[in-house]
Structures are given as C-alpha cells and as structure tokens.
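Spelled out, the chains give:
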Amino acid sequence: MSSIASFDHVALARGDRSIFKDLSLEIPDGKITAIMGPSGCGKTTLLRLLGRQLQPSAGTVTLFGQNLRDLSPAQILAMRRRIGVLFQNGALFSDLNVFDNVAFPLREHTRLSERHIRDLVLIRLHMVGLRGARSLMPNELSGGMARRVALARAIVLDPEIILYDEPFAGQDPISMGVLCELIAQINKVLGICSVVVSHDIHETSMISDHIYIISEGNIVADGTPGDLTHTANPLVRQFVAGEADGPIPFHYPGRDLWQDLDINRGALWSN
Amino acid sequence: MEQLARIGRTGIAFTQSLGQSALLLWMALTAPPDRLSREFRRLVQQLYFIGVNSVLIVMLSGLFIGMVLALQGYTVLSRFGAVEALGQLVSLTLLRELGPVVAGLLFAGRAGSAITAELGFMKATEQLSALEMMGVDPLAHVLRPRLLAGLISMPVLAQIFNAVAILSAWVVSTELLGIDSGSFWANMQQVVDFREDVVNGIIKAIVFGIVITWVAVHEGYTAAPNTEGINRSTTRSVVIASLSVLALDFILTALMFGD
Amino acid sequence: MQQRFIEISVGLLMLAGMAALTFLALQVSARGFGQNKGGYEVVAYFTNTSGLTDKAKVSFAGVTIGQVQSIEIVPASMKAKVSMKINKDVDYLSTDSSAVIQTAGVLGEKYVAIYPGSEDDVLTAGAEIYDTQSSMIFEDMIGKLVTNLAAKD
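Residue numbers (this note's numbering), protein chains in the order written: chain A, 2 to 272; chain B, 4 to 262; chain C, 72 to 224.
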C-alpha cells in the first residue's frame with residue numbers, strides 16, 4: 002500500500018513556540034486517515050503543511066511523490082489543483098451564490114463551456130444533496146449546508162486527495178451523520194484519499210481506516226480505530242474516553258487550593 | 004530607560020508595518036494578471052461597491068458645504084466691501100482644498116471602512132485561505148481590483164463634490180444673498196486656472212485615493228481573524244487613512260501652491 | 072441581470088465625473104487655457120514695482136493679453152526688469168506703448184496695463200517698452216495729498 006503523502010522528521014516553530022520537533026507520519030493512498038488530538042496540538046498546521054501554505058523549518062513534506070520544498074510557483078499551482086480542501090466553516094465566497102461557488106474552480110482553471118460547467122456543478126451538488134439550493138447565497142445556508150456546498154466545491158476538479166479541517170465541529174447529530182456518510186462515500190466512489198482532522202472520536206472512528214493521535218507535537222497513538230480502544234497509553238485512553246482528568250489535567254497549573262484560601266489545613270482539623 | 008526601549012520598539016513596529024504594507028501593495032499590483040475580461044469585470048464590480056455607493060454621501064455633503072461656504076464667505080467679504088469676490092473664494096477653496104480633502108475623509112469613512120471590514124471578514128472565514136488552496140492568488144484576485152477601484156473612484160468623486168458644491172454655492176449666492184449671477188461666474192473665471200487649480204485638485208484626489216485604499220486593504224488583510232480583530236482594524240483603517248489625508252494635504256499644498 | 076445593473080451604474084458614475092470635470096473646466100476656470108502655448112517676450116523696466124508678482128496679468132484696454140513671467144532687479148540701472156509673455160495673436164502693440172502698474176479692485180491685486188502709442192511699428196519678441204510708470208504707493212499718494220493741501224494754505 003503506497004503513501005500518497007508523508008511527513009519526514011518535520012519540525013516547525015511559530016515564534017518561540019515549537020509546534021513539532023521531529024514528526025514523521027505516512028498518509029496511505031485510497032484510505033481515510035484521521036489526525037486527532039487535543040486542541041492546539043497542531044492538527045490544522047499539518048494540513049497547511051500538506052497544502053504548502055506553510056513550510057517546515059526542518060524535515061521534508063512529500064506529496065504526490067514530490068518534495069514540497071523545491072516546487073516552483075507553477076508546480077505549486079498544479080499540485081493544488083489535485084487537492085480538495087474543506088475548511089472548517091466552509092469558506093464559501095460570500096459574494097457568490099451556491100452554484101457560482103461550486104463552479105469557481107472550474108471557471109478559474111479550465112476553459113470548459115458554461116454548459117459543460119453547469120452539468121459538472123449540478124452533478125456535484127447532487128452528490129451532496131443540495132442541487133435544489135443552487136441559487137441560494139451563502140448567508141442563507143445553515144452551517145451544515147454550507148459545509149456540504151464547500152465539499153461539492155472541493156471535489157469539482159476531481160482531486161486525488163481531500164483534506165477535511167474539523168468537518169464535524171459544532172454540528173447537530175443529523176448533519177454529522179450526513180457529513181460522515183458523504184466523506185466515506187466520496188472516498189469510496191471517487192477512489193481517492195482523505196485526511197480528516199477532527200476531535201470527534203465517535204464519528205471519526207466510524208469512517209477512518211487509520212488514526213493518528215497527536216499531542217504536544219508528537220504522535221502518541223497510531224493505528225486502526227479498533228487498536229485505539231484497546232490501547233494501554235493513558236493519554237490515548239483519556240482522549241478516547243473523554244475523561245475529564247488524566248494525563249491532561251483538569252486543573253490549570255497553579256497553587257494548592259488551601260494556600261489560595263489561606264487556610265492552614267493542619268490547624269483546621271485539630272481541636 | 005524602559006520608556007526609551009518602549010519608544011524604540013514602537014518605532015520599529017511602525018517601520019515594520021509600513022514596510023509590510025508597502026510590500027503588500029507592490030505584490031498586489033504586480034501579481035500576474037488574469038484574463039483581462041475577468042480582471043475588468045472584477046474592477047467594475049469594485050467600482051460599484053466603492054465608487055457608486057459613495058456618490059450619494061459625496062453629493063449631499065457637497066451640497067451642504069457649498070451652501071455654508073457661500074454664507075460664510077459672504078459674511079467675511081462684505082466687511083471689506085469685496086462681495087463680488089465670493090465666486091473666487093468659493094471655487095478656489097473647493098478646488099484646491101475642500102474638494103479633495105472632504106471627499107477624501109468621507110471616502111475613508113464610507114468606502115475605506117467597508118473595504119477593511121469585508122476583507123477582515125473574508126480572512127476570518129478562511130475565504131482568502133480557500134482561494135490560495137484553489138491556486139488563485141488572493142492578492143491579485145481580491146486586493147488588486149479594490150486598489151484600482153479606489154484609485155479611480157476618488158478623483159471622480161472629488162470632482163462631483165466640487166461641481167455640486169460650487170453649484171449650490173451659486174444658488175445660495177444668487178437667490179439668498181443677491182449677488183449678480185453673471186459677475187459670480189465672470190469673477191471666478193478670471194482667477195481660477197484649469198492647470199493650477201482644477202488639475203492640482205485632481206492630483207491631490209488621486210494621491211488620497213491611493214493612500215486611503217492602500218490603508219484599508221492592508222488593515223483588512225492583516226486583521227486578526229475574529230470579530231474583535233475586524234472591529235479594531237476597521238477603526239484603525241478610518242483613523243489612519245483620515246490622518247494620512249490631512250498630512251499629505253499639507254505636503255501637497257506646500258508643493259503645489261507654495262512659492 | 073445583477074451584473075448589468077452594476078455595469079450601468081459604474082458607467083453612470085464615470086459620466087457624472089466627466090460632466091463634473093467639464094463643468095469645472097468650462098464654467099469655473101479661466102477659458103482659453105490654451106493661451107500658454109506660444110507667445111512672445113516683452114520687457115519693461117520700472118523704478119518701483121511695489122506689489123507686482125509673477126503670474127500677474129498683463130492687460131490692454133481691460134482685456135488680459137499676457138502674463139508676467141519674471142521680475143528681476145538690474146543693479147546697474149537700479150531698476151526692476153519685468154519680463155512679460157504676450158499672447159502670440161496680439162500683434163497690435165505699437166513700439167511706443169506704455170506700461171503702467173495698476174491696482175485691480177479693492178483687494179489690491181497689481182497688474183500691468185499697456186496703453187497704446189501712435190507708432191505704426193509693433194512690438195515683437197524681445198522688444199522693450201520704454202515708457203513705464205511705476206505703481207502708485209498708497210503712502211506716497213497720501214503724502215502728496217497732504218503736501219498739496221498744506222501748500223494751499
């Protein structure tokens with residue numbers, strides 16, 4: 002099973018904070034790979050590294066067999082056409098309606114006729130179930146609908162890999178179910194690879210083939226959804242079970258309670 | 004000692020910001036152009052949002068300012084028995100100063116703030132990121148049409164302002180103040196020089212247009228991607244643009260009308 | 072539909088701008104702004120140009136026919152040399168014309184008025200107007216008046 006992308010000993014720092022020191026992971030082709038972890042662990046940063054919006058300070062990011070560091074602007078452009086991205090809130094263009102949003106990549110990058118574009122757009126909208134909403138403006142859509150339109154837009158150029166940035170965040174159960182279905186279906190029907198960044202254990206486990214859990218810039222878990230439920234790693238257990246306290250503590254570090262309340266505990270219990 | 008360090012840091016931050024915005028302007032203007040029909044269409048759209056939507060406020064302001072200038076000018080000139088110079092006073096004041104400056108301040112408040120808010124919103128909702136990931140340069144696609152539209156709209160708006168103000172001053176002078184219409188215009192024409200006054204006013208307006216739009220675009224593009232960030236940037240955009248207009252006005256006036 | 076409306080509005084905006092500019096050019100500013108092209112230089116020497124400045128008007132019979140280009144002091148003759156640019160279609164100034172510095176209006180703008188002479192030859196490029204009269208200085212006038220009144224007593 003080949004990798005469509007990989008991170009090799011990647012290091013990245015933002016300001017003084019180091020996000021990754023030495024991260025290596027593989028994204029297998031044709032599968033759904035999930036990258037999960039507590040907030041702020043750098044999951045979204047990994048997507049940006051894949052899309053070459055960011056460059057690592059050390060190490061290599063490889064996509065489609067190419068080292069992203071050495072690409073010329075024309076090569077970057079060509080590479081980006083093979084990637085579809087679903088942003089957290091859809092990122093639909095607010096001045097275009099649903100149809101024009103989905104048609105945008107076609108109009109920018111191809112010279113297809115309007116009739117041809119119309120057919121392609123309607124097919125994609127049909128795949129996400131929103132063909133009837135084609136004339137609505139983005140501000141008239143619910144969050145879930147906006148994401149589905151954005152998904153249609155992400156697949157309109159038939160990408161080879163789709164990156165999902167927190168697709169389940171803030172959705173009601175039905176929307177989540179719909180998106181879950183769509184991600185799995187699209188990956189199967191189009192025969193492509195998907196990378197899902199999320200912290201929704203339940204939904205992500207249902208559709209992913211492989212999960213990485215990242216914390217503090219390191220991979221703490223790496224396996225199938227099944228592997229994760231049987232893990233011995235306490236951090237992974239806490240994350241998967243959603244426990245309030247564990248390796249990631251409940252209390253923000255600080256003074257002891259008794260010191261803060263200025264009570265001498267010893268004196269309280271005597272006499 | 005600490006104060007000195009703080010001042011130094013502020014100075015460096017200011018210089019860095021200035022450089023950053025200059026680079027942004029350069030990259031947006033020199034980014035490779037798209038198909039010309041599409042560049043033109045985007046430009047026309049921005050001309051509508053920036054220019055056409057500002058016409059009403061500009062015309063109304065011109066109307067009121069023209070009337071006030073006529074009244075105030077009359078009061079002062081009548082003390083010297085020089086009321087026939089009212090036309091000159093009104094037109095020179097407007098063409099050289101009030102037209103470009105007031106239209107500029109209005110433009111900064113209406114169009115500049117709208118540009119900043121819109122760009123900040125686009126940044127916060129990751130639309131700019133989306134464009135980048137789709138292989139479209141946000142600088143060329145989003146920033147450039149706005150920059151060009153601002154550069155073109157400002158002088159147009161300033162001339163409309165001038166024309167409306169002079170006409171309303173004429174109406175007030177002749178109807179309310181009893182000045183002879185013929186001498187109002189004749190006196191004006193003797194003094195107002197097309198190259199010196201009208202063209203210099205246009206040049207000022209073009210410079211203001213560039214600066215206001217540049218500030219608005221930079222503030223929007225670098226806004227923090229949340230509601231508070233957008234608010235802060237919008238306010239900064241109007242304040243910085245307005246102050247720049249006034250400062251540049253001084254410099255340009257000294258260059259153009261000094262000896 | 073939406074796009075057409077936008078385009079029409081922007082077109083109207085541009086038209087309004089053009090109209091405003093035309094109005095300003097024709098109705099508000101000096102007509103004949105093409106006068107700066109061409110023209111010939113004429114000089115005149117004055118003992119006192121008090122108040123005359125560059126770009127002041129040069130007029131003949133009340134009509135503007137040119138502009139003052141420069142004013143320099145000639146130390147040798149202790150006079151001020153006023154160079155004027157006269158419009159090229161003004162070819163009727165006789166060689167014995169006189170130039171007088173006068174005041175326009177109550178606000179006191181100075182200008183050069185040219186009065187006709189009787190010679191047949193006309194002034195050409197580089198010519199000099201010999202008959203000049205310096206501007207009247209307000210204080211001198213009062214002084215003269217007072218002296219005259221005193222003399223009467």
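Certain hints may be false.
As the list claims (entries may be wrong) - With a Cα cut of at most 20 Å, we get these calculated EDC-like pairs of lysine to aspartate or glutamate:
1) C:Lys150 to C:Asp191
2) C:Lys223 to C:Glu199
3) C:Lys215 to C:Glu199
4) A:Lys32 to A:Asp159
5) C:Lys150 to C:Asp202
6) C:Lys156 to C:Asp202
7) A:Lys32 to A:Glu141
8) A:Lys189 to A:Asp173
9) A:Lys189 to A:Asp210
10) C:Lys181 to B:Asp196
11) C:Lys156 to B:Asp196
12) C:Lys181 to C:Asp125
13) C:Lys128 to C:Asp162
14) C:Lys128 to B:Glu87
15) C:Lys156 to C:Glu199
16) C:Lys126 to B:Asp252
17) C:Lys128 to B:Glu199
18) C:Lys128 to B:Asp196
19) C:Lys181 to B:Glu121
20) C:Lys128 to C:Asp192
21) C:Lys152 to C:Glu78
22) C:Lys126 to B:Asp196
23) C:Lys128 to C:Glu190
24) C:Lys152 to C:Glu112
25) C:Lys150 to C:Glu190
26) C:Lys156 to B:Glu199
27) C:Lys152 to C:Glu199
Since the hints were made in silico from the structure, they are not lab data.
Status of each hint after checking the structure:
1. This hinted pair does not check out: lysine 150 of chain C and aspartate 191 of chain C have alpha carbons roughly 28 Å apart, beyond 20 Å.
2. Simply put, lysine 223 of chain C and glutamate 199 of chain C have alpha-carbon atoms about 40 Å apart, too far for the 20 Å limit, and the pair is violated.
3. Among the hinted pairs, lysine 215 of chain C with glutamate 199 of chain C is inconsistent with the structure: their alpha-carbon atoms are about 30 Å apart, more than 20 Å.
4. This hinted pair checks out: lysine 32 of chain A and aspartate 159 of chain A have alpha carbons roughly 16 Å apart, not beyond 20 Å.
5. Between lysine 150 of chain C and aspartate 202 of chain C the alpha-carbon distance is near 13 Å, which keeps this suggested pair within the 20 Å criterion.
6. Distance restraint check for lysine 156 of chain C and aspartate 202 of chain C: the Cα-Cα separation of roughly 18 Å lies within the 20 Å cut-off, and the hinted pair is therefore satisfied.
7. Between lysine 32 of chain A and glutamate 141 of chain A, the direct Cα distance comes to roughly 34 Å. Violation of the 20 Å bound is thereby established for this hinted pair.
8. For the hint linking lysine 189 of chain A to aspartate 173 of chain A, the alpha-carbon distance of about 24 Å lies beyond 20 Å, and the restraint is violated.
9. This hinted pair checks out: lysine 189 of chain A and aspartate 210 of chain A have alpha carbons roughly 12 Å apart, not beyond 20 Å.
10. Between the alpha carbons of lysine 181 of chain C and aspartate 196 of chain B the distance comes to roughly 18 Å, so the proposed pair stays at or under 20 Å and holds.
11. As the CA atoms of lysine 156 of chain C and aspartate 196 of chain B are separated by approximately 17 Å, the hinted pair is consistent with the 20 Å bound.
12. As the CA atoms of lysine 181 of chain C and aspartate 125 of chain C are separated by approximately 10 Å, the hinted pair is consistent with the 20 Å bound.
13. A distance of roughly 17 Å separates the Cα atoms of lysine 128 of chain C and aspartate 162 of chain C; the hinted pair therefore holds under the 20 Å criterion.
14. Proximity of lysine 128 of chain C to glutamate 87 of chain B is assessed by CA-CA distance (about 19 Å); at most 20 Å being required, the pair is judged to hold.
15. The suggested pairing of lysine 156 of chain C with glutamate 199 of chain C holds, with an alpha-carbon distance near 12 Å, which does not exceed 20 Å.
16. Note on lysine 126 of chain C and aspartate 252 of chain B: the hinted pairing is violated, with a Cα-Cα distance of about 24 Å set against a maximum of 20 Å.
17. Taking the CA atoms of lysine 128 of chain C and glutamate 199 of chain B, the gap is near 15 Å; set against the 20 Å cutoff, the hint holds.
18. With a C-alpha separation of about 12 Å, the suggested pair lysine 128 of chain C and aspartate 196 of chain B falls inside the 20 Å cut-off, and the hint holds.
19. Proximity of lysine 181 of chain C to glutamate 121 of chain B is assessed by CA-CA distance (about 55 Å); at most 20 Å being required, the pair is judged violated.
20. A threshold of 20 Å between alpha carbons decides the hint, and for lysine 128 of chain C with aspartate 192 of chain C the separation of about 24 Å lies outside it, so the pair is violated.
21. As the CA atoms of lysine 152 of chain C and glutamate 78 of chain C are separated by approximately 58 Å, the hinted pair breaks the 20 Å bound.
22. Of the pairs offered as hints, the one joining lysine 126 of chain C and aspartate 196 of chain B holds, with about 11 Å between alpha carbons and a cut-off of 20 Å not exceeded.
23. For the suggested pair lysine 128 of chain C and glutamate 190 of chain C, the alpha carbons sit about 24 Å apart, so the restraint of at most 20 Å is broken.
24. Restraint check: the Cα-Cα separation between lysine 152 of chain C and glutamate 112 of chain C comes to about 12 Å, which is no more than 20 Å; the hinted pair holds.
25. Our distance criterion of 20 Å between C-alpha atoms is broken by lysine 150 of chain C and glutamate 190 of chain C, whose separation comes to about 26 Å.
26. Of the supplied pair hints, the one linking lysine 156 of chain C and glutamate 199 of chain B holds, its CA atoms being roughly 18 Å apart against a limit of 20 Å.
27. Between lysine 152 of chain C and glutamate 199 of chain C the alpha-carbon distance is near 10 Å, which keeps this suggested pair within the 20 Å criterion.
When the structure is compared with the earlier hints, violations turn up for hints 1, 2, 3, 7, 8, 16, 19, 20, 21, 23, 25 and for no others.
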